[in-house]
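Asks: Knowing the structure of chain A, use the given hints to seat chain B on it.
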Amino acid sequence: MRAGWIGSLVTHALIAAATLLAWPDKDRDLPEPSAIVPIDIVIGDITNVSAIAPPPPENPAEEAELTPEGAPQSMAPPTPEAPEAINDPRSKQKKKDEPRRPVTDLNDIAALIDRSKKEKGQTASTSDAETGPNARNAAGAGTEVTASEADAIRSAIERNRQKFVDLPDYERLRVTIQIRLNADGSLAESPRVIRSSLPASDPYMRVAIDRSLRAILTSEPLPVAPDRTRRATFTINFYDR
Amino acid sequence: MKFWRMIALCLATAVMAPSAAHAEIEIDITRGHLNPMPIAIPDFIGTQAQEVGVGRQVSEVIRANLTRSGLFRVVDPAAYLQQVPDVNTQPRFGDWKVTQAQALVIGQSTLMPDGRLRIEFRLWDVFGESEALASFYATTPENWRRIAHKISDALYKRLTGEDGYFDTRVVFVSESGPRGARRVKQLMIMDQDGANPSILPTGAAQVITPRFSPTAQQITFMSFETGRPKVFLYNIETGRREVLGDFQGMSYAPRFSPKGDSVVMTLDLGGNSEIFRMDLRSRATQRLTNNPSIDTSPSYSKEGDQIVFNSDRGGSRQLYTMGADGSNVQRISGGGGSYTTPVWSPRGDLIAFTKQVGGRFGIGVMRPDGSGERMLSDAYLDEGPTWSPNGRVIMFFREARPGAGPKLWSADLTGQNLRQVTTPADASDPAWSPLLP
Numbered sequence: 001m002r003a004g005w006i007g008s009l010v011t012h013a014l015i016a017a018a019t020l021l022a023w024p025d026k027d028r029d030l031p032e033p034s035a036i037v038p039i040d041i042v043i044g045d046i047t048n049v050s051a052i053a054p055p056p057p058e059n060p061a062e063e064a065e066l067t068p069e070g071a072p073q074s075m076a077p078p079t080p081e082a083p084e085a086i087n088d089p090r091s092k093q094k095k096k097d098e099p100r101r102p103v104t105d106l107n108d109i110a111a112l113i114d115r116s117k118k119e120k121g122q123t124a125s126t127s128d129a130e131t132g133p134n135a136r137n138a139a140g141a142g143t144e145v146t147a148s149e150a151d152a153i154r155s156a157i158e159r160n161r162q163k164f165v166d167l168p169d170y171e172r173l174r175v176t177i178q179i180r181l182n183a184d185g186s187l188a189e190s191p192r193v194i195r196s197s198l199p200a201s202d203p204y205m206r207v208a209i210d211r212s213l214r215a216i217l218t219s220e221p222l223p224v225a226p227d228r229t230r231r232a233t234f235t236i237n238f239y240d241r
Numbered sequence: 001m002k003f004w005r006m007i008a009l010c011l012a013t014a015v016m017a018p019s020a021a022h023a024e025i026e027i028d029i030t031r032g033h034l035n036p037m038p039i040a041i042p043d044f045i046g047t048q049a050q051e052v053g054v055g056r057q058v059s060e061v062i063r064a065n066l067t068r069s070g071l072f073r074v075v076d077p078a079a080y081l082q083q084v085p086d087v088n089t090q091p092r093f094g095d096w097k098v099t100q101a102q103a104l105v106i107g108q109s110t111l112m113p114d115g116r117l118r119i120e121f122r123l124w125d126v127f128g129e130s131e132a133l134a135s136f137y138a139t140t141p142e143n144w145r146r147i148a149h150k151i152s153d154a155l156y157k158r159l160t161g162e163d164g165y166f167d168t169r170v171v172f173v174s175e176s177g178p179r180g181a182r183r184v185k186q187l188m189i190m191d192q193d194g195a196n197p198s199i200l201p202t203g204a205a206q207v208i209t210p211r212f213s214p215t216a217q218q219i220t221f222m223s224f225e226t227g228r229p230k231v232f233l234y235n236i237e238t239g240r241r242e243v244l245g246d247f248q249g250m251s252y253a254p255r256f257s258p259k260g261d262s263v264v265m266t267l268d269l270g271g272n273s274e275i276f277r278m279d280l281r282s283r284a285t286q287r288l289t290n291n292p293s294i295d296t297s298p299s300y301s302k303e304g305d306q307i308v309f310n311s312d313r314g315g316s317r318q319l320y321t322m323g324a325d326g327s328n329v330q331r332i333s334g335g336g337g338s339y340t341t342p343v344w345s346p347r348g349d350l351i352a353f354t355k356q357v358g359g360r361f362g363i364g365v366m367r368p369d370g371s372g373e374r375m376l377s378d379a380y381l382d383e384g385p386t387w388s389p390n391g392r393v394i395m396f397f398r399e400a401r402p403g404a405g406p407k408l409w410s411a412d413l414t415g416q417n418l419r420q421v422t423t424p425a426d427a428s429d430p431a432w433s434p435l436l437p
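Residue numbers (our numbering), protein chains in the order written: chain A, 1 to 241; chain B, 1 to 437.
Next up, chain B with everything else stripped away, as it sits in the complex:
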């Protein structure tokens, strides 16, 4: 009996010993890097020549979009070891791990019997050896660029957690001709990457401050065509145009509410600029400020319950917030210099602005309570910020030196990814659209 007890004891010890030795060790990982994610995007596959051509174009646009975001680094296609023959074929992950790509996008374009173009793609997690996303899009062949932007948005969202901003457009003021009063300023619209630029037939030749509706393909802008500055409403899809209110004095600096159902703007009342709200359905106006100083550049918060604006009521141009009904005005900017053109982020967490200090202008951001101010750019003249619909990128216009024509630039919230946006002519006053439906 003792013998068997000894055997049992020995067995129990043998069983218990490894578990003690295998005690789990806990490791805290709090450091890392913020390098762009390496991603491989081979040309999309096709069978017919047209399919191959479209596939190559679509993948080129996707590569450019993701690279421009600053969050991804497209691995050089020359390093790809495998040519995946079909979108439904699982890639050889070992071949892609060698390239250091962490994500892989395989796509295929097909012309369908009804004449439409179908593009399907799969996103693979190379090191996880699993599929992360798969989808397809179908449209008319001439709309292939939209598909490329849609796929870019889907990839961006899956890999960053944020909504994308690639399937969007930008309206801006295209400037040409001699400087001064005779300079021609027309509205142009283009894809966010500068493709497909075209003049918006607004019927006006002297136009500034276009602003996109956050909910529709509709813009508001200021035009001098009646002799006095007036705010207009323009539907991009129907071409319908109308003056917003027939006021005695000037009206300018319009901006849509988050729901797109009203516009805030500045009206000049005998030399005194005040902020008004206009309901777009009833056209009823409501005065929001009442101060002998200049109050202008209003912009709604994400929820629409607050408005940020600039005013010189304190002696210099500073930023203030107030309730959507004009109540509870509070100054939020506190640094030296003058602050103008505030724009509330679509995410609601930041306000972008133009700041002038010592003859130089820069674009900065601050929290809605004025804290955390940081400058993203600095130049001879940087002005007119507009947010991408996901609140990650800011576009603005820059005059690099006196006399240089204005150009469009973009930067992300870190201020690190500063890039010029190609336009056909000098460009200013960009306005970013919401994601296209």
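Isolated chain A, as found in the complex:
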């Protein structure tokens, strides 16, 4: 009897104590402690492997029509060539044969700038004469390019231009690009970066150059005068105030 009373008292005391404890209501939802995954990442550069596999035909439908009956309908993906094929003269020949506009290699921008600096050094007086204030005035002075045409080109590029203002010290970023337009407003050649306020190796300068080139390329064809019959060259300065 006495043992029963003691047992009952202990049990009730334990129940009362349990109500005083805090039982976290969300602990069950929390994941169990886990070990940190060991970091073992090998990083390699594959920029030396050129993506040289020939692009599939522009119009697969036409290609399919030429496929004889019974032949597999789906074309096997082109087999990528070995890395060393980057130096294969055949691939270069193939690129030469393509009637495409030269491609702007953003990675070669530094080389472009260096080259343009050298060229500028050789023909400084001519370049200054052509790109200086006199040339600006020439827009409405009876030359082929009119001020309204320049305004239209400016507007078109500004619509597609991502500003620099989100980049640190954007006031220091200035890019000058030369473009040559065909009579229909298409680019006669790849835009040429002729000046940048910082070396192109600066990551922010590189982004500013990328954005400027992209603004031009996405605006192609640029709005030229309807009666244009000749190519025209423009020097475009990109910067933010």
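In case anyone wonders, no lab produced these hints; they're calculated from the structure. A hint or two may mislead.
Footprint (simulated), chain A over chain B, 3 or more residues, beta carbon under 8 Å [stated by the list, open to error]:
no.	stretch
1	31-39
2	125-133
3	158-166
Selected chain B positions facing chain A (in silico; Cβ < 7 Å) [claimed, not checked]:
no.	residue
4	E26
5	I27
6	Q102
Here a beta-carbon is modelled for each residue, glycine too, at the ideal position from N, C-alpha and C.
Replies: Only chain B this time, still in chain A's reference frame:
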């Protein structure tokens, strides 16, 4: 002879005339937009089912990372016209130009004979029709998410010029249970995108103010487990834990130096809070402030030569800077309201803080000299800012209304990209890690 002179003159005129007409026109472009860059990221290619599955997961994480940054807009995969068959195949740029994507990421996952996972990718400039970046990563298959973050960082850096912040982790206080003294506050760690959350086995149940070392997988935090608030040092990889100094009074608000070799913190000296520096090697302490008011929440500048802190020495809680040795104290905050929890940006150009005005709290930034103050958020309670390692994004915790549990949020420096960060439970006091090695 005259005839030939005339011919020569005519030829010269004919040659010169076009060059005059072709005078270059100079155009200044100073306007534009700041819209997110459209980018196309198809699912990474794979041959075996496992490779395809991992490739899809990796590309999903990359898409989510870049979208969350606010700087990119992933073009809807339904709009993609080409299925690039191989990472080494040059894409048909015309097909991608149609989608308006300015950049294209093609990747491929491969399970190697040694059991490791290799993921390679190429970033293409669609309108420039050129390759902008190519690289590969190899690791154990279960580590695929790290690879996704690494690739995100590489893409981000190439396209923005800034270091990325995706391969990072966040330590925060996970809160559960009833409010008040019995609330359980444990440290949790997760990837910056909220994935892989797990409780840090620090051995303490009442923990606040975790702070990441900028140089190692090490944190410092304050715990009540000894009865008095004490600052602890905890190595995440080894699990080693120790008390930083056995002081008589309370110690709190710790913060690492930029080199990670010392910690500044507040010590309570008989009711007077002062800022001290502790060398982590010698454990020698140096008193930096000596003022009868409350000086607390110290944070080092990027170079480690200055410290920002808050003090009520002027009557209300304001922000002050001083030299790393405690010299040259200067008040930098000047607006109305009270300023707390200052944190110097890893870039060094800004200081983030919590500002209380009229019963509402917000996160703001100002230059180190106090100029250019601007608020990024405003709510019932926004507090505890922490910077991403590239100094572009700020994470903090928010209580949207009285009684609502705290949640983690992030915003970029424009204040425009405000997003909630998913956590398993209520969360406060986030601390952002440096980029993982």
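Asks: Each hint should be assessed against the structure and marked as holding or not.
Replies: We went through each hint and held it up to the structure:
Taking a C-beta to C-beta cut-off of 8 Å, the stretch 31-39 of chain B contributes 6 residues in contact with chain A, enough for the three needed, and the coverage statement holds. Interface restraint, the stretch 125-133 of chain B with chain A: holds (8 residues with C-beta to C-beta distance below 8 Å; minimum three). Given as covered by chain A, the stretch 158-166 of chain B passes the check, having 4 residues with a CB less than 8 Å from a CB of that chain where 3 are the minimum. Interface hint at E26 of chain B: satisfied, since its Cβ lies 5 Å from the closest Cβ of chain A, which is below the 7 Å cut-off.
Hint on I27 of chain B holds. Least Cβ distance to chain A is approximately 5 Å, under the 7 Å limit. Taking 7 Å as the C-beta contact cut-off toward chain A, the hint placing Q102 of chain B at the interface holds, the least distance being around 6 Å.
Checked against the numbered hints given earlier, the structure satisfies every one of them.
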